[in-house]
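**Q** Sequence:
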Amino acid sequence: MGARPFPGGPSPAPGGSLPARLPFRRPVWLILAATLLAVSGVLAPVRAPIARAASDGLDITTAAAYTLVPARHVVRVVVDVTARNNKPNVMSGGIITKYFYDSARIAVQSEARNVTATAGGRTLTTSLKAADGFRILEVRFRSSLFFRQTLKVRVSFDLPGSAPRSKTDIRVGTAFATFVAWAFGDRGSVRVVVPVGFEAETTGSDAAKSTSAGRTIFRSGAIADVGTWYLVVTADRKSALTNDRIDLAGGEHLVIRAWPEDPAWRRRVAALLTKGLPELVKVTGLAWPVATDLSIFEVHTPLLEGYAGVFFEGQDRIEISEDLDDLTILHEASHAWFNSNLFDGRWINEGLANTYGAKGLAVVGSDSLAPDNVSPTDAAAVKLEDWVHPGRIADVATDARERFGYDASWTVIRSIVTQLGDDRMRAVLAAAAGKQIAYHGVGEPETVPGAADWRRFLDLLDEVGGSTSADDLFRRWVVTDADADRLDERATARTAYATLAEAGGEWLPPYYVRAPMSEWNFTEATTRIDAATALLGRRDELAALATNLGLLPPDALRTAYQTAPESLDAAN
64 MGARPFPGGP SPAPGGSLPA RLPFRRPVWL ILAATLLAVS GVLAPVRAPI
114 ARAASDGLDI TTAAAYTLVP ARHVVRVVVD VTARNNKPNV MSGGIITKYF
164 YDSARIAVQS EARNVTATAG GRTLTTSLKA ADGFRILEVR FRSSLFFRQT
214 LKVRVSFDLP GSAPRSKTDI RVGTAFATFV AWAFGDRGSV RVVVPVGFEA
264 ETTGSDAAKS TSAGRTIFRS GAIADVGTWY LVVTADRKSA LTNDRIDLAG
314 GEHLVIRAWP EDPAWRRRVA ALLTKGLPEL VKVTGLAWPV ATDLSIFEVH
364 TPLLEGYAGV FFEGQDRIEI SEDLDDLTIL HEASHAWFNS NLFDGRWINE
414 GLANTYGAKG LAVVGSDSLA PDNVSPTDAA AVKLEDWVHP GRIADVATDA
464 RERFGYDASW TVIRSIVTQL GDDRMRAVLA AAAGKQIAYH GVGEPETVPG
514 AADWRRFLDL LDEVGGSTSA DDLFRRWVVT DADADRLDER ATARTAYATL
564 AEAGGEWLPP YYVRAPMSEW NFTEATTRID AATALLGRRD ELAALATNLG
614 LLPPDALRTA YQTAPESLDA AN
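When we follow the working numbering, the leftmost residue of the sequence shown carries the number 64, and every step to the right adds one.
Since the hints were derived computationally from the structure, they do not count as laboratory data.
Hints may contain errors.
[Unchecked claim] No more than 16 Å apart at the CA atoms, straight line, and that leaves these computed lysine to aspartate or glutamate pairs for EDC-like: (1) K498 <-> E509; (2) K301 <-> E324; (3) K338 <-> E368; (4) K446 <-> D534; (5) K345 <-> D165; (6) K498 <-> E582; (7) K498 <-> D516; (8) K215 <-> D165; (9) K446 <-> E315; (10) K230 <-> D165; (11) K345 <-> D486; (12) K230 <-> D386; (13) K338 <-> D310; (14) K215 <-> E201; (15) K230 <-> D195; (16) K498 <-> D407; (17) K345 <-> E315; (18) K446 <-> E509; (19) K272 <-> E262; (20) K446 <-> D516; (21) K215 <-> D249.
[As the list claims (entries may be wrong)] Derived Cβ-Cβ restraints for the label pairs, each shown as a range: (22) G314 <-> D458: 24 to 32 Å; (23) N436 <-> D269: 27 to 35 Å; (24) T531 <-> D551: 13 to 21 Å.
As the structure is a prediction and not an experimental result, all values here were calculated from the model.
All residues carry an ideal CB built from backbone N, CA and C; glycine is no exception.
Sequences are here, hints too, so could you generate the full structure?
**A** What follows is the structure, encoded as structure tokens:
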């Protein structure tokens, strides 16, 4: 699969990807961990023997229900609050001081709207105060709450779904919804109700899943520590996504699956792929590889776990963030070619996807794009052959490593393509797609099994493309110290191979020699090169003798040499 980190700030798959430019965002539930509270009043006598109580004596128990209402684009929240005064009366000097509470406070989501509170069917006075990442809701009681007295209050509010590409993480549409549920008070429970037609899942804290009349219900059970409990709810109704079909002249068949509430995303993706895909076909020289429909789904950004897009290999499916980014769109589409069927190496496919995605954008009129400046000595640097998919971007270190990997792979591939030019790079890609051996002999190139790893890729760049820069780039960016020694062995063997090819003239090197070169079996390759060199020496002696006798050397010797598969016996 391929994935591209999200474009946005300093620097969350299945599929191909590019780094996010958005800062790493701390999950909202961590920010809130120490803020869920129930407080009322301060310890201050009104008149003896009655005084307001400090908050430590007010016990708040809650039962919260979150109901998804797609038709209204909101999550309806109802919190049933039970407040009990546990602050005992105090006797001192024969005087009893009674403590009371006249209000209670709970933390609610900063997006909460239409907040109301009732008790016994009567509306209570409420006020909201902004805090860092949430708001404090204060509910004023109609009468004082004394020791051992209990009051039941119902708090109701809406969490409105935000527009696509909004800063908040609440989305409530007819095809997709997501929000974070949390608990309230000192202890409590949470219930989440998702309507019929949606497939819903949660991450975070534990919640039991059930169904009732077609609805999906999640229940928390008793929550003792409300400060650490959270539930990220996601609900999909794929049948409500758009189903816009695009059939291009080159045989590309696309289906745009966007949120109905986001026509801008749908238009932008459709327009860019309509123009850009034919350009990718042209610049790569590769036929469009997807025989059926390629479906492109709009996805809420955090659900991609740090990436801006994901290509699901073998599923003909792309997921692209709601945060529109032109390079991401063409990058992910290019993974139809650049995946493990073509090259075995994450950095190769990601570097190609970025390089050719940027080329496609340049042709259709977008700004010229280039990787950020990175160096192999950067703190987050990793040799590209060791750059593996982390699964998700969950911390700053992983984010930095991913950013380096994307920019470094783009830097390497972009440099190689620039040096070779489009025509020679097309020949390299065609050879890789045809699984051709890099070292060509007489006739059609032999094929080799499997996708090309970085070794075969390097061979193709050197032999098919005629690269003069790939070796140095691979040493600097790609290979580990252990494999750098292998490059030294390769360089020695390639020098011997080039000498053999030059000595052979029109007698091209046999598969007998080319096979171990392709397999990076340089010890065997050198032995066979020596044997082939000796045979060419005998050829030259025979040619000289034939010339002296006025004869022509037999063509069968050349044929036997060039087609020798496993030995040179037939040519000797």
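**Q** All hints are to be evaluated individually against the structure, with a verdict given for each.
**A** Each hint, compared with the structure:
no. : hint                      : result
1   : K498 <-> E509             : 8 Å, holds
2   : K301 <-> E324             : 14 Å, holds
3   : K338 <-> E368             : 29 Å, violated
4   : K446 <-> D534             : 15 Å, holds
5   : K345 <-> D165             : 74 Å, violated
6   : K498 <-> E582             : 13 Å, holds
7   : K498 <-> D516             : 11 Å, holds
8   : K215 <-> D165             : 13 Å, holds
9   : K446 <-> E315             : 36 Å, violated
10  : K230 <-> D165             : 36 Å, violated
11  : K345 <-> D486             : 11 Å, holds
12  : K230 <-> D386             : 11 Å, holds
13  : K338 <-> D310             : 12 Å, holds
14  : K215 <-> E201             : 15 Å, holds
15  : K230 <-> D195             : 15 Å, holds
16  : K498 <-> D407             : 12 Å, holds
17  : K345 <-> E315             : 13 Å, holds
18  : K446 <-> E509             : 31 Å, violated
19  : K272 <-> E262             : 12 Å, holds
20  : K446 <-> D516             : 15 Å, holds
21  : K215 <-> D249             : 15 Å, holds
22  : G314 <-> D458: 24 to 32 Å : 43 Å, violated
23  : N436 <-> D269: 27 to 35 Å : 45 Å, violated
24  : T531 <-> D551: 13 to 21 Å : 18 Å, holds
In this structure, the earlier hints numbered 3, 5, 9, 10, 18, 22, 23 are contradicted, and the remaining ones agree with it.
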